[in-house]
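Once you've looked at the hints, go ahead and assemble the two chains, each given alone in its own frame, into the complex.
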Amino acid sequence: MLTAAVPAVAAQPLSTLEPAGVDAERIAVFFWWMGIGAGIVWLAAMSFVAYCLWLPSRSRQAPSPRRVVVTGGMVLPSVLLAVLVGGIVPHTNDFVDTGAADGALRVRVAGEQWWWRVRYPRPDGGDVELANQLRVPAGRTTHVELSSDNVIHAFWVPSLAGKIDMIPGRTTYLTLEPTRAGTFRGVCAEYCGTSHARMTFDVVVLAPDDFERWLMAEAGPARAPETALGRAGAAAFVDSGCGGCHTVRGTPAAGVIGPDLTHVGARRGDASVLPHANDDLEVWLRQPDLVKPGALMPPFAALGAPRLQALVSYLRELR
Amino acid sequence: MRPLPPADAATADLDPPATPAPRAVRNAQEARLQQAWAVPTGWRYWSAVNNTVVGQWYVAVTLLFFLFGGVLALLMRLQLASPENTVLSADRYNQIFTVHGSVMMFLFAIPIFEAVSILFLPQMLGARELPFPRLSAFGFWAFAIGGVFLCGSLFFDAAPKGGWFMYPPLTSGYQPGVGADIWLLGFSFIEVAAIAAAVELIVGVLRSRPPGMRLNLMPLYAWYVLVAAFMVLFAFPPLIAGTMMLELERALGWPFFDPRGGGDPLLWQHLFWIFGHPEVYIIFLPSVALVAMIVPTVARHRIVGYSWVVLAALGTGFLSFGLWVHHMFTTGLPGLTLALFSALSAAVAVPTAVQFFCFAATLAAGRRVRWSVPLLFVMGGIATFVIGGLTGLMVAMAPFNLQAHDTFFVVAHLHTVLIGGAVFPLLAGLYYYYPLVNGRLLSDRLGRVAFGLVFTGFNATFMPMHVLGLLGMPRRVFTYQTGLGWDTLNLVATVGAMVLAAGFAVVAWDVVRPSRTKARSPRNPWRAGTLEWLPPLPNPSWGMRTIPEIDARYPLWDQPGLVEAYDAGRFFLPDAAEGRREMLVTSTVDAAPQQCLRIPGPTFLTLWAALAVGGMFVFATFKLYTLAAVSTVLSLAVILVWLWTGTGEIPESDDKDVGLGVRLPLYLRGRDGVGWWAMCITMLAVFTAFIAVLFGYFFYWTLDARFLREAQHGPGVAGPAAAAAIVAGSWAATVVARRANAADRARAFYGAMAAAVACAGLGLVALVRTVTAGDLDPTTSAYAATVWLLVVWCAVHVGLGIVMHLYCAARRWAGRMTARHDIDIGNVTLFWHFTVVTVLLAMAVVAGFPAAGGIG
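One line per chain: the protein sequences are A and B, in this order.
Mapped onto our numbering, the consecutive letters of the first sequence carry residue numbers 1 to 319.
Mapped onto our numbering, the consecutive letters of the second sequence carry residue numbers 320 to 1175.
Chain B with its partners taken away, still in its complex shape (with noise of 0.2 Å):
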């Protein structure tokens, strides 16, 4: 019995017209669709914003990182390969193990998720595009920078060399140079963007998908990143605020790491491993989804307990808050901690075996399989996975974590659980996917010898270290003695790192390798289900000719005549009328048409926008503070020229018709607008930084009493609820200002909003007051640094926000916001709602915390 592909699934409610169109038509169609969807030609390449081309110089900048960071790998495997080696010197192997893992972690694991994503995602979504194609090419922009910047820093013997976690004190009083600063502030750049390319996935995911898709039909590649990008955003934040502390520590001395002014350099830890926990499911889940794409496709047969692969993803992503204690079972936590966290660690087992049964079940249920090159990768990632997983549940187990941490057994460890977990699906994925770039397939020969060499390569390499690891050998050693059984281990563990070195290179080769060398792809070369797989090869750079209605979690086989009624664009958006790049947005849920979204084509303004950012950080970390305010400035006009000439456009119509008989608003206001929800997500993901900062505040209060006593000094109670409540005038007035707006009383517009900038100044000057009145030094405690700090968030929220506010009079007075078109004063009052919760809660910290807990 074959059950796939079905003959007899259901297309009822398919309903394309009966009359198609004719030819002329649709040539008339495509080439409008061409015209609109045109990727520029010479310098101006650069200037694309095509999810397909940016994605693509995403991966492949990506990857270009991760073989930096594989070279400089080899250099630690040469330099350990016999005891007592000098390849490399003692401070420079201390810099390439930090920029290594660093770059591994941030410059290749994180964003090549979101780089395949950008590229694939909106195809598998039947979209044409992401909703905001000028936000990922930003983001490419700003991680190319700061990648760069990074990796460039170790030719100028400048690289951070505090290690991939960065723990103070050692990388706030003991590292004078420039390298941790590099690390500080190139990262947080680099984390911008990668928060940037989530929000843009989250809508993407949620906002995008054809009419039809339900949530529950959507592929699971989509759901595994909307999990994924979630993560990102609560994760990500923690880690910005410890960055953002650990730079002020070191440029202006704000002790939140030093335990001499109260701070502690176990707050550190929390914070990044807030981040780092979840960030290893970051990287692992939308790699798993991968594998979710392929092993349906080479068993000819739908997954088995899809909801159960979804709530296993969710579950994971839920769990793997809870579990960052694990990474400081050895820094003196009480027995019940460490036990907690052993327990909960575990329990991440679950889900993942739950996802490893759905996936074999799958194939049980399928076809026999053909073996190809990505099932090989598959199947080779799966065998080293589960290893990891195995060895992670051992050194979840607080006793034996007690020997194991900090040691080669963990440096085994995680990479199993990485290259298995992660690599091999990436390159299972690089060989599947490849055809959907340019219409070639990847060489299935010089597939197999890649994977005979990076298996062998992987285990001989990492095998070993286990081993190492029980044997005593910690990691980060910039060498070893001799006599301590070692040397063999050592020794095998860098010839199988020069085999695994081979194996990458000649996957390297089968990429760049011309293309004519190259067989062409069939059309839907691997007969898979989805989406993705829907247009002709090599694919327009449209995207999608049109787009589809689906019912079927496969639709290429549960859907027939789909591939005809695609080709001859017989769904929605066939055309381009008005010569615009366009897509649907649909509802969360049921994926029910709700607008025809226009969005922006090509531009520089994301470059720009990008080297400006990029210069605020480069700038501030060589101490050149002047630069780097002019760069603030500068990316502040950019921006703000780039939302004034490309978002909240007023349409010429109200509504069009977007085919098969459907009229769509061409402008959504309101809480459905896509904007709102950007403007929404990302303020989430900064609320969430907010709530980091917080938490180092009652971090401090639990640590001694000298918190206490130094807040009994601080800005005690009536100037943060002056503060307070002059902002929340300002909110008031911002609401009020929408409402006016909203009714077409300009006069009551302009005062409300005159009002609301007024109050928002007058507030901006009352919190700096708090801190600057009394004599509140931030450079004397962690709790005045604090307090400081929570200041300056407020400070910034608002001195944002009287720009924001300047700019919607400005948009009204232009006459490109109206009554009925106020996207931007909709977005600026939902930013004023965190705004003015950001600050309440900080004030009432401030000023109420030490007043009621002084007693407590």
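Just chain A, same shape as in the assembly (with noise of 0.2 Å):
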């Protein structure tokens, strides 16, 4: 029912050039200008050289250095260069977000390698924790507080703003301020190590009504499963011990040190490089560093392949 109310992917999920943010948009804007004005100055120097390598011999003559230098090489890139730092760089502030409180709706990202930790402050103080995917509602201001306690990563979602670092030992914030709906990628982007290119992460934005109901049903504990696959998935999932890394609210299973899988099934991909495919979640599950090189997840091939059916089952269950 929630899944059926998730926006289709954008068709280029991860365009600067396709806006969905208020940030995004104002730098495509910039973006634009920039371009095209460089587009004419390039033209302008290239014809100017041309100029010089083709002038007839008898217009040839030694210029006044003084002029050429004063016109050509100071004012007029003076000129160009006030434009362009009067036209951008007051606006920098804009893009800032130095962690003001504003009342406005906040999220914690925590980097991992290499994955992401996603943590929305209930008004209780408890957390809701969930991975690789963070929904916002459309239309309003969300505060992203991002943290590391590992190497360094950043943040960027660039449909929606720019991007930040996230650096262990400092908080850094990023405001998100999404214009309409719809499902866009973010990634890490600052290299962390073997797997970088795999830290990949999907931003959901909804109607904020559908976000609050989302919000509400993450907070939930997990189901329990339906399907009798899916129940021996679940006592294959205590047996392994994968309790000991991952939190399954509602359950024994309360590790801290891999995602939260409470609802995992309702996320797209959650070694966020897979689509939810059973034989891909399979895979991750049989041998992770076919999927992510050095992931700290142990490969669980050695369950056997029922078993490995009945996990994945368990796992799509979980939403």
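What you were told as hints is all true, and nothing was included just to trick you.
To give a feel for the contact side, a few chain B residues facing chain A, derived at Cβ under 7 Å:
id : residue
1  : A662
2  : V669
3  : M716
4  : F719
5  : L721
Just so you know, the hints here were simulated from the structure itself, not pulled from any lab data.
Predicted model, so just to flag it, every value in this text is computed and none were measured.
Built from N, CA and C at the ideal position, the CB exists for glycine as well.
Structure, rendered in structure tokens:
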């Protein structure tokens, strides 16, 4: 029911040129102005060089260096730079989030190697935790509080805003102001080790009401599996010690090393590079190294195919 | 109107002797010169130190590293040709992009400028050599050994994989293998070589110009090299300091960059980019220098706006030290900082535009050009570089940077700048200057084919990357998923890279094909105006037959009769009567002759020294600290032998006739000596590294209150004050010893020396006691680690100072240093000036800052 409400993935889910957030839209405008301006300047410069090269011999003479240098080398670029700097730099502060509290929604995102730990603080002090997926309401401001206790990562959702690094020992902030609903992609932009390329996530922008409903549901405990295969999977989950690293709220599994799996079935591609086809999740369980080389998740190939399929079924039912 | 080359140039003050030497005399002179400057043959060839030989090795090895880095780039492009490709594993890919970036920066882009300068600069300055040929050779060997060590690691799956900017904590706690150590120690070694070359080039430009070549007459190449070499001097030390700190964190657990110990990963980024941004201009300026030499030649017109070009180069050099933060726009800095550095970064466009317009104006002023291969590459470079400069302005704007940073847009931008700004000009330079190497021309036809391939391939490779970045592709990804709009663009980039590689293959073939298949070059084939084209081709190993007197920027155009007078040996130093290698040392500004400098000939000592110093770094990489210590002792020993036998030689007479009726001293004491200059410049670099460590101290202080809390339990005031006082005593005794020696009071000299050594020894103990007396454990906090590092830094200075004291005493005792021949103690005193300032400053901070700043 809830998955049905997730909007389709954008056509170019990582493009800075099809913005869906206030910051990204403004930066795209800057880009087009600068890009077109740069094109014109380049053409002008090349035409000037061509003129100098192919000038007929009779009109050749040594120009006064001062005139060439002062007009071409100093006045001209200074005017252009004044326009460029004057047009953009005064707006710099609009893109900086200093973390000041203003009552808007706050989400904490921590970078792990190589996944994203996402926490929604609840009024009661507890957190709603999930991984590799961020849901935010359209038309409202969300402050993302960024941290890392391992290496440096960078949080980047090109469709919505610029990127900010996640630096051990510091907290950094980024404002998201999505202007329309949709599913977008995010990536880690700072090289963070072997599987840096695999450190991606989804950002689902929902209508505000849908968002509130989702958050409420997300805060709830896991559903018990309904199929026989799912129940077998739940047993395998306990037997294999998955709970040592993973939390499934409402069950004894309360590990904090790996992602919270309470509603993993509702997330698209939890290994965050695979769509949720059963086979792919099985590959992940069997040999995580194939998907994210160097990941902490140990391989569970030894469980054998039947139990792995049961586990996949269980995880898919954790909606 | 064709104003150039004008026949009416004034040459009034050129005054060759009226009677040319008879043919027999000239032949005898040439035979003696030939013998003095001969390049050893057989296996002893590798002991050569001639700039023309070492320069060729240096350029060749640098180009090999360039090809190696290029092959790595091709491998990356193969992996990225299609989504989810499996040509390379993630780990292998990460090693390859790290080594690609590092090799291209540290083993190609920077050393190629030093290599080319060692090869050609002396002749551009009408000099036979640079003042320290053995230092050049040492630098080359250190570079070659370090480079092979670093590249070799890739074949043992042990290569660094932290990216070329090696950000901790990834490169400290999260990469336990030896790869990061190879990067840190290997490049420290190579940076030492780079600084050695920079010292050589600065002294070369400032002190070995031909008589009459005032600063404002130097070829523009010399100006650019001077600026770039000074930038090396001030940009590399912060990186060396940072590298040292990161290696200490890895090896000994000193938490400089670990927030759990009060350190900060951002300090590394500051230190790295304080180096890293000037580095871009260190690469770019010397390549523009080649353009500045080629453009006047093809236009047959003197450069328009010479002084403006010089000012622009200087301005770029200065500005480049104030822009580093634009590499850190996404680290969460305050808006005001972002705005400030955005605006400053944009300002660099002004000096760049000045240079562009000066070159264009020169083309407009001169004759209609003939499209030679060098000109093709120059024009291709300008067209490309301007794109890179414009995208540079875009990414300098902080808001756009927040999107573009760490994406393929930046990959495209930096390659456009570096390939357009450096590789194209270097290829132009290769085709232009190749005749100077062996008197042959490279093929015009192959050159045009190569240009077509390189230019097409370059654009096909890098233009799509701009779009990829805008479509959200981050850098340093070993693969990507399909469905993001990236597949076609990546494939085009890969095909482009193949075409680019084919272009380089054509150039490589053109260079390595047998000499007999290449056309002989006439003398001065491009009809250039600068001195490097003065000798006949191929040029004998003496570099310059005689040192000309200069009074124009383009002497070959503006000084009639120069070539004939040169061939007849009618200028300075036309002979090697004593069979020694000699060159002229002239004054810094006016290039008035000051000294006939005798420079040492071939030796294997430089190779041994490089091997021994290399041993220090290589053994330390593998944590073989005993062997590293042995290497350290060996290094010291080899270097002392090198100094003892090759420097400060007392000549058989005070002065000699250098021709044209001028007599010059053979031994120059005090501040005019080139050795004093080299020591001073080297110590400036060392002192800069010290300042970088101090910067770290204050950086931590601004970070949080923890630093001050810990500082209250630091070494206190009494210990550091005592250490500083004792070291100052040693310094004072050194100064007294120098005066006593100059006054030829032997007993006073030895007495003062003994006092200096005793004080220094005591000072060493006192320094070490400041950190060992209390319970200051460097592994517990960034504060303690920084204090330890400052103290160790001082102690190493004082320790070396003791060795130098003993060296001076031994020199005097052996009769190699006298009252009038006192270069050794002069330089040692200079070293001690720097040492005492370093120690006083360090102790003042360590003791005084917590005491004073604890309140504030």
